[in-house]
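Going line by line, the protein sequences match chains A and B. According to this note's numbering, the first sequence is numbered sequentially starting from 222. According to this note's numbering, the second sequence is numbered sequentially starting from 238.
Hint data in this document are derived by calculation from the structure and do not stem from the laboratory. Hints are not guaranteed to be accurate.
[Claimed, not checked] The following label-pair restraints were derived from C-beta to C-beta distances: (1) A:N229 - B:S282: 44 to 54 Å; (2) A:P268 - B:P501: 25 to 35 Å; (3) A:E277 - B:R502: 13 to 23 Å; (4) A:D331 - B:R594: 44 to 54 Å.
Quantities reported herein were computed from a predicted structural model and do not represent experimental measurements. Note that beta-carbon positions come from the ideal geometry of N, C-alpha and C, so glycine has one too.
Here's the letter readout for the chains.
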Amino acid sequence: MSATGTYNKLVPEPTPHSAPYWEGLNRRKLLLQKCRGCGRIRHYPQPMCPSCHSMEVEWVEASGRGVIHSWTITHHAFHPGVREDLPYTLATVDLEEGVRMLAQLRGVPDDKLRIGLPVRVEFETVKDGLTLPYLVPGEPA
Amino acid sequence: MSLREKGAITGVGETAYSRESGRSVLSLQLEASLKAIEDAGLKPSDIDGVIPYSGVVAEDFITNLGLPDLRYSAVTPLGGASCVAAVQSAVAAIAAGICNHVLIPVGRNGASGGRIGTRVQQMPQFRLVGEFEMPLGAIAPAQLYAPMARRHMELYGTTSRQLGEIAVSTRANAMLNGNAVMTKPMTIEDHQASRMISDPFRLFDCSLESDGSCAIVVSAAERARDLRKPPVVVMGVAEGHPDSPSVITQRPDMTRLGIAKAAPRAFEMAGVKHDDIDVAEIYDCFTYIVMCQLEDLGFCKKGEGGPFVESGAIRLGGKLPVNTHGGLLSQAHMVGMNHIAELVRQLRGEAGKAQVRDAEIGLVTGYGDMGDGSVAIMRRG
Ligand SMILES: [Zn+2]
């Protein structure tokens, strides 16, 4: 949040398929779609299961634990809202549930970044009605 | 029915490339289109197919070029893979007997108009990224593609200097081209000193934002023989889409692009082997994307792209000269249509100082968000 208190970053526009995900974050839970037809977990939210083509889903809470799959360290502000964050690390993470997520990673020095590094999800409410996930170093499972 | 040798590129046209044309996208495209039609030895009224890119529609060409009977129009919305995919669409329409001469124009005022990094936020293929990644700060292609390159580096030992070799080689080629935006030489030290954008991409790993237009005419093979220039025959052409096409984060193998699926189809259709390729114009929105495509195309094994480029293989005079015009990195960002135009010039023997001696067979690729691929193999007719 900027000093004036106005949130000037890009904000998501939830769809009927994704609204439970965003509502979950507001309750500090990382929710994933689980197919009621075959049990496959998928992310990001989509209307149909690509395995069995069922459109029925339940939402399951992820453990929030995973390991780094890849990353980038951004030094350029591609949007005015991220200028104060530079440089920031974006990590792609293999979650225990078999899908990936991407979020900012905090608390890991650049020279300690490596594939397989354990991380876990934390949450921060950045504005009214919007909670975002971020990543911190985690314990090996 | 195979598309093999059913179509040929008969005309190419380019405007001057710049950073600020001060002109509309349509006027730029009309200028390049007229040049391409004239290059083919055709009249505008001969054009009976149009595949427009973004920002303009087929009707604009009917109206401005005065096309009396347009029989075919389509769009190929594959981002940077669109141009080569449009060649596939054109040849398919020609082979089906729908039309004879298809105009494929691309034009943009990417530098003076909406900047690419901003515009992608509104593109439909960025919908999932827009909802789930942009709010977290992953906003631009450089950031979205960087994890692919980083994983390649971690798995295979690929280095920033190896990526830099692609930038340096491409710049050297641009220096030979009279219509390139970048005109200063680049050394590997210049590349290493260029500012970090999104690690591992430095400024000189990123392509340009440009103004201008490039257009081609694809004609029925049997009609191409009688036109002004030697035809450049499309031997094989294909497109391919990666797994998890909209989101790189969820892609099972982040180091494999859609072109890995298209390449075997194109080579089989063309009936040629990798050693037969004399010159390659490889879509180069970022240096790493060139390296990854060289691997996915089969010019070297997965993970060996770094040593391959470091050996000088892609330099003019090397085993496989790449982006002899200066590419998106140093000539101009014309969505890869300038890559097709350059391949045509190479195979006609019109490439000037960058001419690959005795170039008979060449390859051109496209790469589009978030990993769509297209490839065409062509020969001198
Ligand atoms: Zn299912």
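Verification of the hints:
1. Restraint check, N229 (chain A) to S282 (chain B): a C-beta distance of roughly 53 Å satisfies the suggested window 44 to 54 Å.
2. For the pair P268 (chain A) and P501 (chain B), the supplied restraint of 25 to 35 Å holds, since their beta-carbon distance comes to about 32 Å.
3. Here the CB-CB span from E277 (chain A) to R502 (chain B) is close to 36 Å, at odds with the stated 13 to 23 Å.
4. Remark: the range hint 44 to 54 Å for D331 (chain A) to R594 (chain B) is upheld by a beta-carbon distance near 46 Å.
Comparing the model with each earlier hint shows a violation of hint 3 alone; every other hint is respected.
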